Amino acid sequence: MTAKTIDRVFAGCLLVLGVYIVWNALDYGYMRGTTPGPGFFPFWVGLAIVGLSIANLIRSVRGLEILESQFDADTMSKAFAVGGTIAAFILVTPWLGMLVASSLLVPSVAFAIQPRWTPTFGAIVVAIAVGFPILCHFLFAVYLQVPLVRGVFGI
Amino acid sequence: MGALALLADGISRATSNELLIATFIGVVVGLIVGVLPGIGPAAGTAIMLPVAVGFGGTAAIAGLAGIYYGAMFGGAVTSILLGIPGDAPSVMTVIDGHALAKRGEAGRALGMSVYASFIGGAIGIVLLALLSVPVAQAALAFGPTEMTALMCFALSLVTVLGGRNIIKGFTALFLGMWIGMIGLDPIAGPTRFTFGFIDLFEGIDFTIIAVGLYGLSEIFVSLSQQAAGKMEKYSLRSLLPNLRDLVTCKWVLVWSSLTAFFVGVVPGVGATASTMLAYATAKRYSRTPSEFGSGSIKGVAAPEAANNAASYAAMIPLFALGIPASGTTAVLLGGLLMVGLQPGPLLFATNPEFVWTVFGSFWIGNIMLVFLTTLLIPVLASIVYISTAILYPMVIGIVIFGVYSIHYSMSDVTIALISGAIGFVMLKLDYSPVPLVLGLVLGPLLERAVRRTLIVSEGSLGIFVQQPIALALFLLTIVVLALPIVTRRMFPKRTQ
Chain A
1 MTAKTIDRVF
11 AGCLLVLGVY
21 IVWNALDYGY
31 MRGTTPGPGF
41 FPFWVGLAIV
51 GLSIANLIRS
61 VRGLEILESQ
71 FDADTMSKAF
81 AVGGTIAAFI
91 LVTPWLGMLV
101 ASSLLVPSVA
111 FAIQPRWTPT
121 FGAIVVAIAV
131 GFPILCHFLF
141 AVYLQVPLVR
151 GVFGI
Chain B
1 MGALALLADG
11 ISRATSNELL
21 IATFIGVVVG
31 LIVGVLPGIG
41 PAAGTAIMLP
51 VAVGFGGTAA
61 IAGLAGIYYG
71 AMFGGAVTSI
81 LLGIPGDAPS
91 VMTVIDGHAL
101 AKRGEAGRAL
111 GMSVYASFIG
121 GAIGIVLLAL
131 LSVPVAQAAL
141 AFGPTEMTAL
151 MCFALSLVTV
161 LGGRNIIKGF
171 TALFLGMWIG
181 MIGLDPIAGP
191 TRFTFGFIDL
201 FEGIDFTIIA
211 VGLYGLSEIF
221 VSLSQQAAGK
231 MEKYSLRSLL
241 PNLRDLVTCK
251 WVLVWSSLTA
261 FFVGVVPGVG
271 ATASTMLAYA
281 TAKRYSRTPS
291 EFGSGSIKGV
301 AAPEAANNAA
311 SYAAMIPLFA
321 LGIPASGTTA
331 VLLGGLLMVG
341 LQPGPLLFAT
351 NPEFVWTVFG
361 SFWIGNIMLV
371 FLTTLLIPVL
381 ASIVYISTAI
391 LYPMVIGIVI
401 FGVYSIHYSM
411 SDVTIALISG
421 AIGFVMLKLD
431 YSPVPLVLGL
441 VLGPLLERAV
451 RRTLIVSEGS
461 LGIFVQQPIA
471 LALFLLTIVV
481 LALPIVTRRM
491 FPKRTQ
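First to last, the sequence lines map onto chains A and B.
Once you know that position 29 of the first sequence is 29 in the working numbering, the rest is easy, because the numbers rise by one and skip nothing.
Once you know that position 365 of the second sequence is 365 in the working numbering, the rest is easy, because the numbers rise by one and skip nothing.
Bound-form chain A, shown alone (with noise of 0.2 Å):
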């Protein structure tokens, strides 16, 4: 997808979202009596997003956005193997804990950044994914006293 293309979808989710808020908003209630209701904000708000996102379909259409980025599968690749790897931490941590699941968060994202690890950056990385979680501990659990997800293994 072009980033022209990404741009019109974008704009028109928004138009949706929009809509969806001035929908919600007279649900919400627009006035209670002589004063503003809880819906009453919302609307204009859900109003000026469907008109600027209107304005910004129409001026992609028109070729009067000039986008100077990119959306290509090599320049993305990154960005979203990272993202994923956090979504992955998300999702084990329940099971696994925060400090177990940090310790693997660190190789992991050192991974999708740079998949060519020669000996000195391996034991760099596998230094920090073992001190980062025992890092953490300290400064987060015992110090700001902060209670820390716990996995199966207790930690």
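The set of hints was computed from the structure by calculation and includes no laboratory data.
Bear in mind that the values here come from a model prediction, so they are computed numbers and not experimental data.
Even glycine gets a Cβ: it sits at the ideal position worked out from N, Cα and C.
Take the hints with a grain of salt, since some may be wrong.
[Claimed, not checked] Label pairs and their in silico Cβ distance ranges:
{"no.": "1", "chain 1": "A", "residue 1": "GLN145", "chain 2": "B", "residue 2": "SER411", "range": "15 to 23 Å"}
{"no.": "2", "chain 1": "A", "residue 1": "PHE121", "chain 2": "B", "residue 2": "ASN17", "range": "46 to 54 Å"}
{"no.": "3", "chain 1": "B", "residue 1": "GLY56", "chain 2": "A", "residue 2": "PRO115", "range": "50 to 58 Å"}
{"no.": "4", "chain 1": "A", "residue 1": "PHE138", "chain 2": "B", "residue 2": "SER411", "range": "54 to 62 Å"}
{"no.": "5", "chain 1": "B", "residue 1": "ARG164", "chain 2": "A", "residue 2": "SER77", "range": "25 to 33 Å"}
{"no.": "6", "chain 1": "A", "residue 1": "TYR30", "chain 2": "B", "residue 2": "GLY340", "range": "46 to 54 Å"}
{"no.": "7", "chain 1": "A", "residue 1": "GLN145", "chain 2": "B", "residue 2": "GLY56", "range": "19 to 27 Å"}
{"no.": "8", "chain 1": "B", "residue 1": "ALA482", "chain 2": "A", "residue 2": "PRO115", "range": "26 to 34 Å"}
{"no.": "9", "chain 1": "B", "residue 1": "THR15", "chain 2": "A", "residue 2": "CYS13", "range": "56 to 64 Å"}
{"no.": "10", "chain 1": "A", "residue 1": "MET31", "chain 2": "B", "residue 2": "LEU184", "range": "18 to 26 Å"}
{"no.": "11", "chain 1": "A", "residue 1": "GLN145", "chain 2": "B", "residue 2": "ILE478", "range": "46 to 54 Å"}
{"no.": "12", "chain 1": "B", "residue 1": "LEU375", "chain 2": "A", "residue 2": "LEU91", "range": "37 to 45 Å"}
Following the hints, complete the assembly by docking chain B onto the known chain A.
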């Protein structure tokens, strides 16, 4: 005795061993809290509240306040080096501070953040001493109508902060305002736009969105642009601060501190809105506004001076009226009550020694922070030497733990990730994230003010033009909104 003489007296009392230790612990904890993404000064002071109260009396409040302004100093570090705001008020520092770091001038940006924080803090403390009672009374004149006008004026700054595409800037602004509406309706009570998720009932914390929108999306954009694990090369000189910048930015520093102080004194506005206003003003009146956003040193000076000045301004309603103007000052109010003091106008009459000693400790803490952070600049700036394949996994890990620590919820981490993904797409499509943040911070304040005004007037819109302060602010808003259109018509070549 005059206010400045009382302040000098307070400074001499604040140099006692007990107060020096309490202030030092406070500023060091504050620096750490500010550096950690997600954990802002409010959470930092709340966590340390039981420990600080153990110091007793003046030392407790000196320590807690030290965390507050220490965090204001520390928040700039990750903003500049990694593009991740350590706390909400340092969001504006990301824009130019990180751009400077990326082009190899991290030390210069960090140096300016230290000088600006010190100057903003010094101006803030002097104004706090001089104006604590009269300015607080003036702030009380701000009813919901004046607040509506002030918020409209602040939102009109999207014309300055909205990036090169003004329509997309306004779209992001309203998107931010909608995100700010998620959760319980502040006046009538029902939940709005929660999609049935209980975690969304209390709304989405601004810091979570800011960390995702700036921090994670910045990492995603950086990864989509550069080669794998590419190590940035910088000279040793880039790690050192540049004193000449102080001369270049002198008026920006003074003006931003003054603006932020008077805006920050209004309860509910806070340091974040003050930094946005200071940045927008600095850009508007700059001879080279196009440099803002791509690494202008004035773009670092303005928000950093502003957030420190505003943090002292927030002490005025707290000490003089007993009104907490922000989340952090609410915790400080709790601290004052826990040590047996009732803040308000009577506090100055019944416990003047306490008040002026605490104000004196602010001055001592401000000087301590300059020395601490100046010593640390070369060490901190050397972070940019680390390969992204080693740095980013640690940054992402700290972001995750920091965001989780706000409400002890993994849902917040999910929201930060979603914000990061949306921010990434927005940056690629030329939607500036700054207006979104502006809408998120000011939208809920505007809604509350508009609805309260209309409740008072029973739905009549005439009330908005009947109050002179409100009318003046509305006229100013119209001027700010119309200015780009008029400028474009009158000077088409210059605007191109």
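Evaluated hints:
The supplied range of 15 to 23 Å is met by A:GLN145 and B:SER411, whose beta-carbon atoms lie about 21 Å from each other. Separation of A:PHE121 from B:ASN17 is about 49 Å and conforms to the stated range, judged on CB atoms against 46 to 54 Å. A hinted range of 50 to 58 Å for the beta carbons of B:GLY56 and A:PRO115 is consistent with their spacing of about 57 Å. Distance hint check: the CB atoms of A:PHE138 and B:SER411 are about 25 Å apart, inconsistent with the given range 54 to 62 Å.
Look at B:ARG164 against A:SER77: about 28 Å separates their beta carbons, and that is inside 25 to 33 Å. At about 49 Å, the beta-carbon gap between A:TYR30 and B:GLY340 stays in the expected band of 46 to 54 Å. For the pair A:GLN145 and B:GLY56, the supplied restraint of 19 to 27 Å holds, since their beta-carbon distance comes to about 21 Å. Between B:ALA482 and A:PRO115, the C-beta spacing of about 53 Å breaks the proposed range 26 to 34 Å.
A beta carbon spacing of about 59 Å between B:THR15 and A:CYS13 agrees with the range 56 to 64 Å that was offered as a hint. Under the hint 18 to 26 Å, the C-beta atoms of A:MET31 and B:LEU184, about 20 Å apart, fit the expected range. About 50 Å separates the C-beta atoms of A:GLN145 and B:ILE478, a value consistent with the hinted range of 46 to 54 Å. For the pair B:LEU375 and A:LEU91, the beta carbons lie near 42 Å from each other, so the given range of 37 to 45 Å is met.
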